[in-house]
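Working from the sequences, and respecting the hints, build out all of it.
Listed in order, the protein sequences are those of chains A and B.
Counting from 19, one number per residue, gives the positions in the first sequence under my numbering.
Counting from 19, one number per residue, gives the positions in the second sequence under my numbering.
I should point out that these hints are in silico values taken from the structure, not numbers from a laboratory.
Heads up, a few of these hints could be off.
One copy or two, either will do: identical chains are not told apart, so a pair holds if it fits within one copy or between any two.
What the hints assert, rightly or not - With a straight-line cut-off of 27 Å between C-alpha atoms, the simulated DSS-like cross-links for lysine-lysine are: (1) 236 <-> 159; (2) 285 <-> 210; (3) 117 <-> 226; (4) 342 <-> 159.
2 protein chains.
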Amino acid sequence: MTNASSVAADQPNLQARVTTPSRMKIALDAMGGDHGPAPCIEGALSAAQDFDVDVVLVGDEKVLADECRRLGSTDPRLSIKHAPQVVEMHESPATVARKKRDSSIWIATELVKNGEADAVVSPGNTGASMVASFFVLGLTKGVERPAIATSLPTLTGEAILLDVGANVDCTAQHLTQFAIMGNEYGKHLFRKPNPRVGLLSIGEEDSKGNEVTKEAFKILKGSALNFVGNVEGRDVYSGNADVVVCDGFIGNVALKISEGVAETIKKLLFKEISGSLLGRLAYPLIASPLRNLKRRIDYAEFGGAPLLGVNGITMICHGRSSAKAIKNAIRRAKGLAESRVDELIQRDIEESLAQSRLPEEPST
Amino acid sequence: MTNASSVAADQPNLQARVTTPSRMKIALDAMGGDHGPAPCIEGALSAAQDFDVDVVLVGDEKVLADECRRLGSTDPRLSIKHAPQVVEMHESPATVARKKRDSSIWIATELVKNGEADAVVSPGNTGASMVASFFVLGLTKGVERPAIATSLPTLTGEAILLDVGANVDCTAQHLTQFAIMGNEYGKHLFRKPNPRVGLLSIGEEDSKGNEVTKEAFKILKGSALNFVGNVEGRDVYSGNADVVVCDGFIGNVALKISEGVAETIKKLLFKEISGSLLGRLAYPLIASPLRNLKRRIDYAEFGGAPLLGVNGITMICHGRSSAKAIKNAIRRAKGLAESRVDELIQRDIEESLAQSRLPEEPST
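Given below as structure tokens:
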């Protein structure tokens with residue numbers, strides 16, 4: 019049922035692109051989210067209209083067609099690609115790789131591999147997105163580990179944090195590659211030629227950190243990146259760095275701790291306000307600023323985190339993504355595909371590997 | 019100038035206690051905080067009055083005596099012990115151990131070692147507190163690494179997080195010992211016979227984590243602790259566990275990320291509120307609930323984090339501790355000394371080591 023063009027790519031390591039230059043095409047895993055296909059289709063429709071993008075909804079053809087009808091969608095930029103299987107949230111990446119190659123996430127990723135889409139967006143099981151990208155698209159040449167790069171709100175705008183969960187045990191070399199990949203994403207996202215790259219650590223001084231970060235610090239200090247040194251946890255949100263690098267265990271803890279704190283503050287604030295008569299009287303007056311604040315800190319609204327270091331654009335969204343989050347993720351995926359960030363990463367990684375093979379200059 | 023009693027302790031590994039059973043005596047490093055001795059002396063005075071505790075102010079005799087006079091303190095429960103040196107915030111633990119053995123933190127710790135005080139409280143350089151405790155008091159028999167155990171506000175009360183910075187590279191065995199130590203602190207703090215002990219990880223499932231946490235999970239599951247399994251970052255603040263265990267790098271990042279999020283939300287909230295006319299009108303009505311909230315989440319108010327695993331009670335406070343935070347830290351230090359938590363930890367660690375030396379039961 020899809021009418022995606024199908025130019026196959028045989029170039030090794032460089033992803034094929036859809037030939038129609040006029041409009042980017044995004045493959046959306048429309049079955050994976052916690053709230054079913056409705057927010058996906060609503061988000062896709064809104065993205066198609068606002069960003070003039072084609073969206074291939076991947077999933078159960080009947081379910082998706084019914085839902086499109088229910089939502090009154092007749093936009094020709096939306097199409098459907100049938101996928102008979104769905105990956106559930108609890109399924110392990112190994113199960114997905116073995117038994118779910120007809121799932122919506124797998125087939126959506128194959129559309130990118132086959133040049134029938136420019137990027138894949140999924141609000142489903144993160145492990146499934148990763149394993150599909152790993153097997154179907156493959157790792158970028160030279161990249162040892164891919165990384166999930168989320169963006170966080172700061173006092174001054176946004177910052178990128180990576181890795182937030184793809185790799186739990188990392189070496190200094192992995193962190194260095196994350197910095198190179200995050201730098202390319204940062205250049206694209208912030209329209210800055212030299213984003214400030216920091217290393218998440220437990221003190222600003224050069225000597226602070228654990229064994230891995232201390233070694234990574236030395237490598238990054240000698241790199242061509244705009245390395246601003248160690249960044250402490252409290253400074254991630256102050257905007258002192260555009261790109262903050264850490265291993266996936268720490269990044270995931272940091273991200274979820276942040277959600278926990280924001281949620282706790284919200285609940286305590288409501289409790290405090292509703293516990294006082296004046297607070298209750300004031301509530302209608304501050305409801306709107308509070309809603310704005312919630313939107314600002316709720317990362318489900320932010321529109322997905324790319325998996326960097328694979329041959330193509332993969333955007334992973336929160337399972338409970340709203341239509342707005344899906345729309346934002348499509349917008350971001352489109353931008354990454356247009357900028358060919360995956361190819362720029364490949365170039366940078368190759369350059370860095372070539373550099374590391376050069377004989378060291380004698381120290382004077 | 020101190021009149022602390024001076025019963026020396028020659029018992030190996032068990033800290034001497036002040037003989038006067040009637041009143042606990044706390045040695046306070048009154049020079050180390052960011053705001054000078056004033057908040058220390060105010061906090062000490064208030065603690066002496068409210069908790070009937072003796073406090074030995076350790077630091078420059080003249081400075082402290084002048085400050086006491088300025089504050090009009092004549093409470094006989096406060097005394098001064100002269101220490102000619104001060105450790106600055108930037109000084110490394112190695113420098114402190116080599117060159118600052120006449121500093122307020124070192125001499126305050128010696129008072130505990132010599133039985134002239136029951137606990138030491140310091141709002142100074144954390145590394146200096148650790149190194150002084152390590153050299154002067156010594157590690158508890160059987161403990162491989164000490165741990166700093168902070169407490170965090172949760173939706174239902176408080177939770178203990180350890181380690182938050184004493185050890186950046188930990189083995190599964192270290193994490194297991196942190197769990198044992200945190201359990202004893204939790205029993206004391208929450209008055210619970212079996213606090214729920216969790217392991218900070220990136221998913222609730224048993225299989226989630228990095229190499230070290232996965233190994234620690236297995237050991238903890240087989241232990242006598244009330245182990246509730248993995249705790250995700252977002253659940254630290256929901257109160258699903260009383261004691262949450264992690265390595266000091268991750269714990270420190272988690273703590274500082276939390277501060278960063280809270281600070282950012284506060285600033286964004288004020289911005290949102292002051293940006294709307296209704297918000298500004300409502301502000302006087304919600305100022306008091308906001309202040310309560312701030313107090314609830316500001317860990318400087320919470321009163322210090324003990325260094326567990328040394329022969330004595332050492333309480334480390336934030337450098338920018340207020341008088342109220344110092345007072346709370348003294349109260350908490352007094353409680354830990356009364357409960358002899360350090361000795362209970364020694365007993366538990368010895369039992370766990372004995373247990374691990376037993377031949378394993380054959381699996382059936």
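Hint by hint, here is what the structure shows:
1. Taking the shortest alpha-carbon separations for residue 236 and residue 159, only the intra-copy value of 24 Å comes in at or below 27 Å, while the best inter-copy value is 37 Å.
2. In this homomeric assembly, residue 285 and residue 210 come within 27 Å of each other (Cα to Cα) only across copies, at 26 Å, whereas the closest approach inside a single copy is 37 Å.
3. For the identical chains of this complex, residue 117 and residue 226 are inter-copy neighbours only, at 21 Å across copies versus 45 Å inside a copy, given an alpha-carbon limit of 27 Å.
4. For the identical chains of this complex, residue 342 and residue 159 are neighbours neither inside a copy (34 Å) nor across copies (57 Å), given an alpha-carbon limit of 27 Å.
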